[in-house]
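Q: Residue numbers (my numbering), protein chains in the order written: chain A, 1 to 153; chain B, 1 to 390.
Simulated from the structure, these hints should not be mistaken for lab results.
Don't take every hint at face value.
[Claimed, not checked] Pairs of lysine-lysine, DSSO-like flavour, derived with a Cα cap of 30 Å:
#1 B:Lys236 <-> A:Lys116
#2 B:Lys231 <-> A:Lys86
#3 B:Lys69 <-> B:Lys292
#4 B:Lys294 <-> B:Lys347
#5 A:Lys149 <-> B:Lys236
#6 A:Lys86 <-> B:Lys236
#7 B:Lys347 <-> A:Lys139
#8 B:Lys231 <-> A:Lys3
#9 B:Lys347 <-> B:Lys280
#10 A:Lys3 <-> B:Lys292
#11 B:Lys294 <-> A:Lys116
#12 B:Lys72 <-> B:Lys183
#13 B:Lys182 <-> A:Lys76
#14 A:Lys89 <-> B:Lys231
#15 A:Lys41 <-> A:Lys134
#16 A:Lys41 <-> B:Lys231
#17 B:Lys294 <-> A:Lys76
#18 B:Lys342 <-> A:Lys3
#19 B:Lys236 <-> A:Lys139
#20 A:Lys134 <-> B:Lys236
#21 B:Lys236 <-> A:Lys41
#22 B:Lys347 <-> B:Lys292
#23 A:Lys77 <-> B:Lys236
#24 A:Lys32 <-> B:Lys280
#25 A:Lys3 <-> B:Lys72
#26 B:Lys347 <-> A:Lys134
#27 B:Lys294 <-> A:Lys3
[Unchecked claim] Counterexamples of contact, computed for chain B against chain A with all Cβ distances above 12 Å:
#28 Ile87
#29 Leu128
#30 Ile186
#31 Gly316
Beta carbons are placed, not taken as given, at the ideal position from N, Cα and C, and that holds for glycine.
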Amino acid sequence: MSKLRAIIGYTLAALAVPLVLAVFMGQSFWMKELVAATGVKVSPWLTGGDVIRTISHDEYQISIHEQVFQGLLSEKKEGLVQVDWKPAKNLPDRIDEDIDYDGDGKNDFHIALDTKSNQAYVQSLQTGVIGLEKSYVLKDGQAVRVRIKNPRK
Amino acid sequence: MSVLEPEVNITPQKSRIPRAVFLTLPVLLLSGLMIFQGSIPKMGPDLIAKSITFLIFNVVFFLMMYTGKTYKYRATLFTIIAVCFSIGFISNLIAIRGSMAIDEAHMLAGETPFCHLVIPVILIPAALTRTIIFPGSLLTGFASIAGMMVLWLGATLALGRGWCSWVCFFGGFDEGFSRLRKKALIKKIDPRWNYLPWAVLIVIVLLSALLLTPVYCEWLCPFKTVTEFTKITSFKTLVQTVIFISLFLGLVVVLPLLTRRRIQCGLFCPFAAFQSIFNKINIFDIRVDQEKCKYCRKCVNECPTFSLNEECVKEGRALMSCTKCGKCVDDCPRGAVTYHIKGTPVKLQSDTARVLFLYPAYIFMTAIGGSMVVDALAKLIKLATTGSMI
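Bound conformation, chain A alone (with noise of 0.2 Å):
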């Protein structure tokens, strides 16, 4: 029993450098099938969600990201709702703008965005609306973050 248990123990020593060998030269094929297996994707906390809805306009378009209500067992009561405009360039000194987040043909908010200092003021228009989170310069264009109250909560 304990030969055995010593040649499992030198063959799994042996084992280790082939191991090492495989993680290095198929790094990236076992990258994907971890992704791939798992299905996981980066928090929309951070992210601001997937964008559902664009809007163009002549010169600049806006994103819609999804409503973000994630917690860790079950929804949480209040979550945000993320606009991005883009492209930086052409963005206006000020952006005056109904948006409806929830597609139900309602504006839900009124946003005033002056896109030299960044600063943003959110009009709620539905009760779901609780305020301005946030706004951010991003790497091209600016985003503005919303408190909003889960429908479902």
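With chain A fixed as given, assemble chain B onto it according to the hints.
A: Using the frame of chain A, we list chain B on its own:
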């Protein structure tokens, strides 16, 4: 025979050189492939940097094989890698962004490089929400999340917590500072501090899961001082900056200098605690031959990560926090402490176990550290010749 009198059989000088050369050959081949990546660059900083790196890594491995000693060569190279990592990383950031500070635009774009220290805090949210609570890129760009996860999985299976002495590109900082003084000014450290990394681990894992943000990165990681940090735009980011700089100075610089121990790695790092769990499934460990050991306590007093105490020495094995750095093996005056393969007898073939451990550990060190040394050397050569690193 005195307790401190050596009882180690040393192979005669003549036969040690061919054996060391023979054992270095696989590393010579693999390090060449990894460092030169299949092509020799034209004469210039890149070729010089790659050639020096290739030489350093192979000389160090040869010396490990020739002398039979591990720790001092590994620790020196480990420190060089950490310093080179910071030089390369910071100069790249300055070249790309113009600053070590990362702003919200880059974070929202998923351009924060992922590092292994975040792994313990992302696992519960990943399992329950199928999302990663880190503002990085899954597959693309520098230090992608999936890329680092694959490296971590491979290294964890092959080395267990050996990661912390052979792979971690931050560990070399406190290792370096811990070796600067010849004698420790603080010798007695309450063993209850050994529980601190576990406490930090539990707190940050739970908080990160509840808040769905990487709490350790945001508030506690001392290595932001030598890599990148959130741009100071508010009182919150100012407090975060004060905390991580203080932790770096305290845990990575001052306390290792005073104690000659790796305080950050041994008594604070939550990833280190997490990684200890995988020592249980790893095939390599450190054992103490009870017939040779005279309980002189040298290994207990010298272990950089507090992974040996009287009880575990009497039981003949290191604690699960052992990083397999080799210090106890090298320092034991009677050769009683050895690298060991689980399932094999402790007394036999101790150098076989050491060599079998050193190969995967060193290949990992070369693959990850080699590119960092090349990058830093090339930039330093550029600095010396053009006056600019960028």
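Q: None of the hints should be skipped; say for each whether it holds.
A: Structure-based check of each hint:
Taking the CA atoms of Lys236 of chain B and Lys116 of chain A, the gap is about 24 Å. The hint holds against a cut of 30 Å. Between Lys231 of chain B and Lys86 of chain A the CA atoms are separated by roughly 23 Å; this keeps the pair inside 30 Å, and the hint holds. For the hint pairing Lys69 of chain B with Lys292 of chain B, the CA-to-CA distance comes to about 19 Å; that is within 30 Å, so the pair holds. A hinted pair counts as satisfied when its Cα atoms are at most 30 Å apart, and Lys294 of chain B with Lys347 of chain B qualifies at roughly 15 Å.
About 26 Å separates the Cα atoms of Lys149 of chain A and Lys236 of chain B, which keeps this hinted pair within 30 Å; it holds. Straight-line distance between C-alpha atoms of Lys86 of chain A and Lys236 of chain B comes to about 29 Å, which keeps the hinted pair within the 30 Å bound. Distance restraint check for Lys347 of chain B and Lys139 of chain A: the Cα-Cα separation of roughly 61 Å exceeds the 30 Å cut-off, and the hinted pair is therefore not satisfied. Straight-line distance between C-alpha atoms of Lys231 of chain B and Lys3 of chain A comes to about 59 Å, which puts the hinted pair past the 30 Å bound.
For the proposed pair Lys347 of chain B and Lys280 of chain B, the alpha carbon gap of about 21 Å is at most 30 Å, so the pair holds. Between Lys3 of chain A and Lys292 of chain B the alpha-carbon distance is near 23 Å, which keeps this suggested pair within the 30 Å criterion. With a C-alpha separation of about 74 Å, the suggested pairing of Lys294 of chain B with Lys116 of chain A is violated against the 30 Å cut-off. Between the alpha carbons of Lys72 of chain B and Lys183 of chain B the distance comes to roughly 16 Å, so the proposed pair stays at or under 30 Å and holds.
Of the supplied pair hints, the one linking Lys182 of chain B and Lys76 of chain A is violated, its CA atoms being roughly 55 Å apart against a limit of 30 Å. Restraint check: the Cα-Cα separation between Lys89 of chain A and Lys231 of chain B comes to about 24 Å, which is no more than 30 Å; the hinted pair holds. With a C-alpha separation of about 23 Å, the suggested pair Lys41 of chain A and Lys134 of chain A falls inside the 30 Å cut-off, and the hint holds. Straight-line distance between C-alpha atoms of Lys41 of chain A and Lys231 of chain B comes to about 25 Å, which keeps the hinted pair within the 30 Å bound.
Under the criterion of a C-alpha separation no larger than 30 Å, the hint pairing Lys294 of chain B with Lys76 of chain A is inconsistent with the structure, at around 60 Å. The straight-line distance between the Cα atoms of Lys342 of chain B and Lys3 of chain A is roughly 12 Å, inside the 30 Å bound, and the hint therefore holds. About 23 Å separates the Cα atoms of Lys236 of chain B and Lys139 of chain A, which keeps this hinted pair within 30 Å; it holds. Of the supplied pair hints, the one linking Lys134 of chain A and Lys236 of chain B holds, its CA atoms being roughly 15 Å apart against a limit of 30 Å.
Among the hinted pairs, Lys236 of chain B with Lys41 of chain A is consistent with the structure: their alpha-carbon atoms are about 27 Å apart, no more than 30 Å. Note on Lys347 of chain B and Lys292 of chain B: the hinted pairing holds, with a Cα-Cα distance of about 9 Å set against a maximum of 30 Å. Under the criterion of a C-alpha separation no larger than 30 Å, the hint pairing Lys77 of chain A with Lys236 of chain B is consistent with the structure, at around 25 Å. Distance restraint check for Lys32 of chain A and Lys280 of chain B: the Cα-Cα separation of roughly 28 Å lies within the 30 Å cut-off, and the hinted pair is therefore satisfied.
For the suggested pair Lys3 of chain A and Lys72 of chain B, the alpha carbons sit about 34 Å apart, so the restraint of at most 30 Å is broken. A hinted pair counts as satisfied when its Cα atoms are at most 30 Å apart, and Lys347 of chain B with Lys134 of chain A does not qualify at roughly 64 Å. At roughly 29 Å between alpha-carbon atoms, Lys294 of chain B and Lys3 of chain A fall within 30 Å of each other, so this suggested pair holds. Under the 12 Å C-beta cut-off, the non-interface status given to Ile87 of chain B relative to chain A holds; the minimum distance is some 23 Å.
Here Leu128 of chain B does not stay apart from chain A, with its beta-carbon only about 6 Å from theirs, under the 12 Å limit. Taking the minimum C-beta to C-beta distance to chain A, about 37 Å, the non-interface status of Ile186 of chain B holds against the 12 Å cut. Every C-beta of chain A lies more than 12 Å from that of Gly316 of chain B, the closest at about 16 Å, which supports listing it as non-interface.
Checked against the numbered hints above, the structure violates hints 7, 8, 11, 13, 17, 25, 26 and 29; every other hint is satisfied.
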